[in-house]
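Visitor: For chain A, the structure is supplied; the task is to place chain B on it using the hints.
Top line first, the protein sequences correspond to chains A and B.
Note that the working numbering has the first sequence beginning at 1, numbered continuously upward.
Note that the working numbering has the second sequence beginning at 1001, numbered continuously upward.
All the pointers check out, no bait thrown in.
Calculated cross-link-like contacts (lysine-lysine; reagent style PhoX-like; alpha-carbon spacing at most 20 Å):
hint : chain 1 : residue 1 : chain 2 : residue 2
1    : A       : K184      : B       : K1016
2    : B       : K1008     : B       : K1164
3    : B       : K1390     : B       : K1362
4    : B       : K1269     : B       : K1164
5    : A       : K55       : B       : K1318
6    : B       : K1003     : B       : K1269
7    : B       : K1164     : B       : K1003
8    : A       : K167      : A       : K3
9    : B       : K1085     : A       : K31
What the hints contain is simulated information worked out from the structure, not anything from laboratory work.
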Amino acid sequence: MEKFQTLHSAAVPLPLENIDTDQIIPARFLKATTREGFGENLFRDWRFNADGTPKPDFVLNDACYAGQILLAGKNFGCGSSREHAAWALYDAGFRVVISSYFADIFRGNALNTGLLPLQLTDAELARIFTLAEKDGDTEFVVNLPEQTLHLPATGESFHFDIDAYKKECLINGYDDIDYLLSQKPAIEAYESGRAWTW
Amino acid sequence: MAKSLFDKIWDAHVVKTAPGGLDIVYIDRHLIHEVTSPQAFDELEARGLPLFRPARILATADHNVPTRNQHLPIEEPLSRSQVDKLTANCAKYGVELYGLGHARQGIVHVIGPELGLTLPGTTIVCGDSHTSTHGAFGAVAFGIGTSQVAQVMATQCLLLSRPKRMRISVDGELRPGVTAKDLILYVIAQLGTGGATGYFVEYAGSAVRALSMEGRMTVCNMSIEMGARGGLIAPDETTFAYVKGRPYAPKEAAWEQAVAYWETLYSDKDTVFEVEHHFDAAAIPPMITYGTNPGMGIALTGHIPSEVPASEAESFDKSLQYMGFQRGESLLGKEINYVFIGSCTNSRIEDLRAVAAYVQGKQKAGHVEAIIVPGSKQVEQQAIAEGLDKILAAAGFELREPGCSACLAMNEDKIPAGAYCVATSNRNFEGRQGPGSRTLLASPLVAAITAVQGRIVDITQYLN
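Next comes chain A alone, as it looks inside the complex:
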């Protein structure tokens, strides 16, 4: 996993709630057996017409907005457990998704992919949307060690929470699997001490 520490970027505002994983990456594109290339079909049916031409009114096709931060309404990533949703966002160049809350499985998948799910309050999210929508060049600074989202243009800073262990993993590029493998002796001891083995 790539390390994540700080990011300076503009944001792409997608002001819809309950964006589900079927929108992020429709099921018909889950047939690949590798992790790469899903970005091409990110938000496929919102982004493209059936004939493959871009839909001009979708924000990812709007030249006014670009960046490595996606802004989205509450309950982002609800639905399926497909990690392909996080891979698609990452593959398309996003490194941070900001929302007022994330679906649990998506949050975990994002963290395991190196994509930061950054949770703000509803009011803070509304404020960020206002600024990002007004001027697509508005710069945001995500500082993971400090757990802040900073706006150089206005001087505003917002704190965000993240599990201390997952923060360390992201900063250092560690996967859970590395830690779990280091715990094999404890896992084997647990197994031998169990009363039930079904």
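Guide: Frame of chain A, contents of chain B only:
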């Protein structure tokens, strides 16, 4: 100290608590399928790791398999390559596979319970969000992403934070024509599509206790549709009677020991839940969804809301525009093009029996295409043994071969753009059943009556 059912099971599976407070949780059963496992096997390969406990994994092919001519090679090249990859990985790593054509093949959440792999008190994971289904047996079961699939393959464990506790109690008796599916659609409509995010839900109350195992599976299956990490129900005599004698269930002395343990699995009297909800079973109507998330549900005879909070208006109106509906409108009389009966939510023998019992001697409406996709080979064979296939065929319903099918339309079973489909599955997201498809979620009984009438009706006027 009083403990919840969930905490009893979780605590019994904590290997240790890591510095920082996350638990290393041992996983008893790992179910895998063709879509979310290939990249996990590749990760093992890249790291040169073996499967830690291959005997704790069971594989099946379900998500993108065709539901016709399963004895022939899969036509669609990408689906075929994914299923072939699963077969190759299972052979290489020594994983039991109930693949296409096997007598035990089927939707992963249908075959686990019917084989007796799903047992009370166990931890069960799968790279699929509807793993919550297995909670019906008093198991802690939840969906995981592919990185976690690899973690379980390599260590049989996951590093997890303990979810918060929520209890949803439904007491009283369900009215005629109201089923487990209506119960859970009603609950989700009350709580909203994100209403249980961060929680593990226990379902309780006399109406839940009265449900069959199939009904309990339907309820737990849809826990994820309100954001819950999972849902579970305390095991009881109904559970034990269902599990007993199944191929992987404990036998003889081990069975007696198991039941003695399972009888201790309930929430202690003074357990404190962070959130409690209470519902009256008699107040639950036959339900249907009108929008593009499962929380957008109303009584069949109800109206789409006219007013929503300002912050939700944009998403709400986008959803109605997609569905071709208006605020404040009733769905009664709306013509339907497709009926899909299937998915891990409602494809079990009890669901097929309910449909067959209703449609016996009737005909589906001429303009409706009605397909029934059994959850497993065993369900299909049982249906044939009971003669349900003939009843369904006579009524104009097509009984297919098992798989996930039009629930997520990864195979050929797609609903065309703009068409309306009453589906017994679990998600009505935009494009879920194919690009542009419009899904209305409902129970198998509502689906059967809709297929016969060809339009949305007040089913209480049409019960047999």
